[in-house]
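Asker: As a plain string of letters, each chain reads:
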Amino acid sequence: MTGAEIIWECLERLGVEHVFGYPGGAILPTYDALTKSRVHHVLVRHEQGATHMADGYARASGRVGVALATSGPGATNMVTGIATAMMDSSPIVCITGQVGSTVLGSDAFQEVDITGITLPITKHNYIVTRADEVAASLREAFHIAASDRPGPVLVDITKDAQLGSCEFDWDAAEPRDHREVPDFFPSAARLAEAAAVINESKRPVILAGHGIILSGAEEEVRRFAETADIPVALTLLGLGAFPASHPLNLGMMGMHGEAWVNQAIQESDLLIALGMRFDDRVTGKLNTYAQKAKKIHIEIDRAEIDKNVHVDVPLIGDLREILGRLLPAVRPARHSEWWSQVHSSQQDSAVRDIQNLPDNGHLYAAHVINDLWRETHGDAVIVTDVGQHQMWEAQYYHHEKPRSLITSGGLGTMGFALPAAIGAKFARPEAEVWVVAGDGGFQMTMPELATIVQEKLNVKIAIINNGYLGMVRQWQEFFYEGRYAGTPLLSPDYVKLAEAYGIPGLMVTQRSQVVPALHTSRFHAGPALIDFRVEQEDSVYPMVPAGADLHAMIRRPTPLVERPTDE
Amino acid sequence: MSERERPHAFVVYVENKPGVLNRIASLFRRRGYNIESLTVGHTERSNVSRMTIVSSIGDGAAHRVEANIYKLVNVLSVEDVTQATTISRSLALVKVAAPEESRHRLMEIVRVFRARVVDLAPRSLIIEITGAEDKIHALVDVLRPFGILEMVRTGQVVMRRGAQERAEIRSPKPAEENPRRAEQKAGAEPRGANALVEADRPAGSV
Numbered sequence: 107m108t109g110a111e112i113i114w115e116c117l118e119r120l121g122v123e124h125v126f127g128y129p130g131g132a133i134l135p136t137y138d139a140l141t142k143s144r145v146h147h148v149l150v151r152h153e154q155g156a157t158h159m160a161d162g163y164a165r166a167s168g169r170v171g172v173a174l175a176t177s178g179p180g181a182t183n184m185v186t187g188i189a190t191a192m193m194d195s196s197p198i199v200c201i202t203g204q205v206g207s208t209v210l211g212s213d214a215f216q217e218v219d220i221t222g223i224t225l226p227i228t229k230h231n232y233i234v235t236r237a238d239e240v241a242a243s244l245r246e247a248f249h250i251a252a253s254d255r256p257g258p259v260l261v262d263i264t265k266d267a268q269l270g271s272c273e274f275d276w277d278a279a280e281p282r283d284h285r286e287v288p289d290f291f292p293s294a295a296r297l298a299e300a301a302a303v304i305n306e307s308k309r310p311v312i313l314a315g316h317g318i319i320l321s322g323a324e325e326e327v328r329r330f331a332e333t334a335d336i337p338v339a340l341t342l343l344g345l346g347a348f349p350a351s352h353p354l355n356l357g358m359m360g361m362h363g364e365a366w367v368n369q370a371i372q373e374s375d376l377l378i379a380l381g382m383r384f385d386d387r388v389t390g391k392l393n394t395y396a397q398k399a400k401k402i403h404i405e406i407d408r409a410e411i412d413k414n415v416h417v418d419v420p421l422i423g424d425l426r427e428i429l430g431r432l433l434p435a436v437r438p439a440r441h442s443e444w445w446s447q448v449h450s451s452q453q454d455s456a457v458r459d460i461q462n463l464p465d466n467g468h469l470y471a472a473h474v475i476n477d478l479w480r481e482t483h484g485d486a487v488i489v490t491d492v493g494q495h496q497m498w499e500a501q502y503y504h505h506e507k508p509r510s511l512i513t514s515g516g517l518g519t520m521g522f523a524l525p526a527a528i529g530a531k532f533a534r535p536e537a538e539v540w541v542v543a544g545d546g547g548f549q550m551t552m553p554e555l556a557t558i559v560q561e562k563l564n565v566k567i568a569i570i571n572n573g574y575l576g577m578v579r580q581w582q583e584f585f586y587e588g589r590y591a592g593t594p595l596l597s598p599d600y601v602k603l604a605e606a607y608g609i610p611g612l613m614v615t616q617r618s619q620v621v622p623a624l625h626t627s628r629f630h631a632g633p634a635l636i637d638f639r640v641e642q643e644d645s646v647y648p649m650v651p652a653g654a655d656l657h658a659m660i661r662r663p664t665p666l667v668e669r670p671t672d673e
Numbered sequence: 015m016s017e018r019e020r021p022h023a024f025v026v027y028v029e030n031k032p033g034v035l036n037r038i039a040s041l042f043r044r045r046g047y048n049i050e051s052l053t054v055g056h057t058e059r060s061n062v063s064r065m066t067i068v069s070s071i072g073d074g075a076a077h078r079v080e081a082n083i084y085k086l087v088n089v090l091s092v093e094d095v096t097q098a099t100t101i102s103r104s105l106a107l108v109k110v111a112a113p114e115e116s117r118h119r120l121m122e123i124v125r126v127f128r129a130r131v132v133d134l135a136p137r138s139l140i141i142e143i144t145g146a147e148d149k150i151h152a153l154v155d156v157l158r159p160f161g162i163l164e165m166v167r168t169g170q171v172v173m174r175r176g177a178q179e180r181a182e183i184r185s186p187k188p189a190e191e192n193p194r195r196a197e198q199k200a201g202a203e204p205r206g207a208n209a210l211v212e213a214d215r216p217a218g219s220v
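For the protein sequence lines, the chains are D and F, in the order given.
Just so we're on the same page, my numbering is the position in the first sequence counted from 1, plus 106.
Just so we're on the same page, my numbering is the position in the second sequence counted from 1, plus 14.
I should point out that these hints are in silico values taken from the structure, not numbers from a laboratory.
Computed from a predicted structure; not experimentally measured.
Built from N, CA and C at the ideal position, the CB exists for glycine as well.
Accuracy of the hints is not assured; some may be wrong.
What the hints assert, rightly or not - Here are the simulated lysine to any residue pairs, SDA-like style, with alpha carbons at most 25 Å apart:
| hint | chain 1 | residue 1 | chain 2 | residue 2 |
| --- | --- | --- | --- | --- |
| 1 | F | K31 | D | A298 |
| 2 | D | K507 | F | K85 |
| 3 | F | K85 | D | P281 |
| 4 | D | K308 | D | D213 |
| 5 | F | K31 | D | D213 |
| 6 | D | K413 | F | K31 |
| 7 | D | K507 | D | K308 |
| 8 | D | K413 | F | V95 |
Claimed, not checked - One side of the interface only, derived from the structure: several residues of chain F facing chain D at Cβ under 7 Å:
| hint | residue |
| --- | --- |
| 9 | S40 |
| 10 | L134 |
| 11 | S138 |
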């Protein structure tokens, strides 16, 4: 078989159904062999889109997503998507064509050192120069992408490796763990120590992160929290790991978390961090972060221990397995005093909540999100972009199930939503998939609308259009005395744009139109787009300014400051 | 986070593949840590290379670097041997100006330092010295007044003293029976997992 044929044979055997890609010179032999393969190829409009689609596919399904591109610019266009997947531990495999091995390093046409470029943003990468290395590299790439802490792996395959022939031996290509693996799994004594700390705690808080979803530990986390009666705060990527409606759920923590959630963290005597990494958006100023709390950190990546926050009891390994071991030693408890303290700090939060304000004719993004939640009964897969709408989504769409929110957390990649939603829809064709994007991020990758149409995908799109790069504008308002440099943003007529692609579009300017528009779009048999013209200078509250104490939050002014409507 | 910095020596076993050095060096580079010396060479096992990397960083930073090096796929093992009992050696070749009148004194110095003269030319000689860093420093200081024409130094190579080869081959403390490993009755001797986890955290890190 040729190297190109081996690529597809391996992908099929690895269970790959869809590959998101864009052809070009150095990957042509592989595209030629595609004609004989059962794998479905999705033609993207830009290679960045291919990587986000693979990423969205992986996040929606837990399986490895695959992106394919040619050498040179095809490969460099993947960089943002690879970095996004790296920061959010998403298992994707990117296959790039490369110039022939004999001209490597000669600045040949469309040659770029993509393994060098992606070295710090991949979990691992390969350059394959011979057909007989293809199978082993791909099998190992899939294994590495999905195992331990998942992440992106790039396999760069020279044109001669694709064209060359060799015996195909699937079994011989099995990945071997050649390491002398020191097992970091916690000892019985370490687990007992953790249980003792938990049992003694009077004011515990669970910090629930993405690792719960990656490990499939939702059930263990729920049993653990219920047994020991511990409030659960979630990270952005942890949303869905613990049901929003569960009485122990506090909500999201961090920069745009509810004030009482952060207050609870600051006053706790024990933080139990589950598959999260104490990101700066979650901790605020480290010197004042949860000073009174001991920390237990359950984490598969040893390099995360003590990285930002000193941990008293680190437990390294798969979360589900560790919680399984830990649970029998955790004593049932009731923390009624602690709960009343937590509840008392909610104070006037409900009054300040934008949901409880009377309809004053303005359309607020929070209303749109909340109505979307109600209309979809919280069952949709929401894929967000990055910015204000992302935070409103996190605050006002209440996620009950894992993998129901797909969002770029660590890298904060604008333009993520539309392509990632395409990947998510391929992963879960039965699910109702909604893009929630701002007018800024949407314009970054909107050519992928054509991909939706070409693939006949039923993806719904909500554009939260405020005419600004809203989150940046908010920072300018709060921290740069309202000098709006570079943030006012012109948009095309999205309804006409959608129509140009053959997608029905609606524009919504009033709160009363939100539900009917959502209804119309939801029951349309194909893709649909809604342009929500929301309040232009609304801000996301509450907010911990970057680097400030976690408990020092900027709250939504009450009563809401009125601004003249443009109507 | 300001930590007191001191030289940390890492012993890293890696697969002998292209790009491995780059991957490891990159971990130091992106954090702004300077590598003071780095040696790479073959080992007793084919296709396995051994690196000794010395970098002046804080204990917490060293701990994080070590954990990150271990994550690299081509890395077989890594150990920060700074606090272990080790033998450390490097080698230097020093070309010194050696006119007739100073040659005798240079020979005397070479004898005292147990160095060797490996080249003798009409106006210069090359001295080879092997030893711990401070011994080499001392010789260089003594030679400097004679006029050092050229000098080359290898980085340090470090090896633990005694019979144990690596940290991983320590046996676990009996009281610290690993629950998961205890169930896996088949297979090889546990590789001292617990000993490593316990030793894993630098005392009094941030």
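Asker: Each hint should be assessed against the structure and marked as holding or not.
Answerer: Each hint tested on the structure:
Our distance criterion of 25 Å between C-alpha atoms is broken by K31(F) and A298(D), whose separation comes to about 42 Å. Simply put, K507(D) and K85(F) have alpha-carbon atoms about 31 Å apart, too far for the 25 Å limit, and the pair is violated. With a C-alpha separation of about 17 Å, the suggested pairing of K85(F) with P281(D) holds against the 25 Å cut-off. Straight-line distance between C-alpha atoms of K308(D) and D213(D) comes to about 64 Å, which puts the hinted pair past the 25 Å bound.
As the CA atoms of K31(F) and D213(D) are separated by approximately 23 Å, the hinted pair is consistent with the 25 Å bound. A hinted pair counts as satisfied when its Cα atoms are at most 25 Å apart, and K413(D) with K31(F) does not qualify at roughly 29 Å. With a CA separation close to 29 Å, the supplied pair K507(D) and K308(D) exceeds the 25 Å bound. Proposed proximity of K413(D) and V95(F) is supported: the alpha carbons are some 21 Å apart, at most 25 Å.
Restraint check, S40(F) versus chain D: the minimum CB separation of about 6 Å is within 7 Å; hint holds. Interface restraint check: L134(F) against chain D, minimum CB-CB distance 42 Å, threshold 7 Å, status violated. For S138(F), the suggested interface contact is broken, since its CB lies about 39 Å from the closest CB of chain D, more than 7 Å.
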